[in-house]
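K.L.:
If you want the building blocks of each chain, they are given just below.
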Amino acid sequence: QQQVKQSPQSLIVQKGGISIINCAYENTAFDYFPWYQQFPGKGPALLIAIRPDVSEKKEGRFTISFNKSAKQFSLHIMDSQPGDSATYFCAAAGAGSYQLTFGKGTKLSVIP
Amino acid sequence: SAVISQKPSRDICQRGTSLTIQCQVDSQVTMMFWYRQQPGQSLTLIATANQGSEATYESGFVIDKFPISRPNLTFSTLTVSNMSPEDSSIYLCSVEDRPSSYEQYFGPGTRLTVT
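In the order they appear, the protein sequences are chains R and P.
All residue numbers for the first sequence refer to the working numbering, where the first residue is 1 and numbers rise by one.
All residue numbers for the second sequence refer to the working numbering, where the first residue is 1 and numbers rise by one.
Next comes chain P alone, as it looks inside the complex (with noise of 0.2 Å):
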């Protein structure tokens, strides 16, 4: 299965600044996905984020708020811009390991506080 990492694996931001979190993984794959997983809480899908594509956001998340980049079939990008506290949760990317699989592994995960 692919090797997924992801920077930084925690940081703590002032309200009103910005954290963009990076998602590599060791092959190429089609599809990354973004999820957002709260304290003791269970995932919800932010975006879909597959190469030469613009992402697809789930309802209740939009691009100005979560921007993401997808440059190469490698590497994510996803932005949490003009961070509430609200925000504080663990920011997770996964991959679909093969084409079609329906297969998803997930990073480590990025902590993000806000405060």
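So here's chain R without its partners, still in its complex pose (with noise of 0.2 Å):
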């Protein structure tokens, strides 16, 4: 079974501060890791992507960054802000397939 391992389930985080997710994977052959943000009551949103050949990728305030001899990617929010506060799903594709695997989800609450 392919499996993306998200941590932490939920994070608090205060206004200004860095919001820190990471992730997991086991099948070596995937070669697309995107981040979706997902806010209550609507579809998640394609945030950030990354492939395998760089080892970070930065858009405004959100960074990933990969590891690809641990298998692990992270997303990084710099300057959190409360509007920020939704779930984030790490998720990964490849290995012949464009089927997305997703992560638990991590629910961000950023407080003023």
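Mixed in with the good hints, there may be bad ones.
[Said to hold, decoys possible] So the derived list for chain P, only partly shown, Cβ under 10 Å to chain R, looks like this:
#1 Phe33
#2 Tyr35
#3 Gln41
#4 Leu43
#5 Glu54
#6 Val62
#7 Asp64
#8 Ser100
#9 Tyr102
#10 Gln104
#11 Tyr105
#12 Gly109
Rather than coming from a laboratory, the hints here were simulated on the basis of the structure.
Quick caveat, the model's predicted, so the values are computed rather than measured.
Even for Gly, the Cβ is constructed at its ideal location relative to N, Cα and C.
Two chains, two frames, some hints: make the complex.
P.N.:
Quick look at the structure:
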């Protein structure tokens, strides 16, 4: 069973702080690693994604760090804001399949 | 990115009945996917629907329970048949915006409650 393990399950960060969410995968054939942001009552929105040929990708306040040897990747949210409060899902795809395998999600709460 | 709409946005249905969920995309896409998300949980892929071929179902999901149609490159339907309270969930469609990109964009979801 292909799995993506995500931690922590929930996270509370003060406004202006850094939020860090981690994921680990098992299948070394995965070659696409996206992060999704989901607000209550909405569908998941693609936030940022990375492929294994780079170790880091930054888009605004959001950064993915990727460690191929450790089979881990993480999402860093700099200068976290209350509007970032949402559930974040990591996912992985590849191995000849376009199906996304999702982590269990992290509920982020950014408090003023 | 593709803009995706779903109908209905929510529904309350009685057990034993069926509901058909529609997914409409504003551009032509090859690959469409249907997911289920139980409250507070992650997303589970139900099936992949490519235009011109039969849908491919994941383990634990069968065509008799979740028939899917994909009549063209902008539209798909998922039917939840003979519903039970265990089918209460959010059903989401997604599309791969650019072929072979892996990038999937999701619709807003259909919240189904079965009583």
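K.L.:
If a hint holds in the structure, say so; if it doesn't, say that too.
P.N.:
Structure-based check of all given hints:
Hint status for P:Phe33 relative to chain R: holds, with the closest Cβ pair at about 7 Å, below 10 Å. Interface restraint check for P:Tyr35: the shortest CB-CB distance to chain R comes to about 9 Å, inside 10 Å, so the restraint holds. Against a cut-off of 10 Å between C-beta atoms, the interface hint on P:Gln41 holds, since the closest Cβ of chain R lies about 8 Å away. Because the closest C-beta pair between P:Leu43 and chain R is about 5 Å apart, less than 10 Å, the hint holds.
This hint is violated: P:Glu54 has a C-beta 16 Å from the nearest C-beta of chain R, more than the 10 Å allowed. Violation of the interface hint for P:Val62 is found here, the shortest Cβ-Cβ separation to chain R being roughly 17 Å, above the 10 Å cut-off. The interface hint given for P:Asp64 is violated, since its Cβ lies 22 Å from the closest Cβ of chain R, which is over the 10 Å cut-off. Checking P:Ser100 against chain R by beta carbon gives a least distance of about 8 Å; that is within 10 Å, so the hint holds.
The closest approach between the C-beta of P:Tyr102 and any C-beta of chain R is roughly 4 Å, which is under the 10 Å cut-off, so the hint is satisfied. Annotation: interface hint on P:Gln104 holds; nearest CB of chain R at approximately 6 Å, less than 10 Å. Residue-level restraint check for P:Tyr105 holds (minimum Cβ-Cβ distance to chain R is 6 Å; threshold 10 Å). Residue-level restraint check for P:Gly109 holds (minimum Cβ-Cβ distance to chain R is 5 Å; threshold 10 Å).
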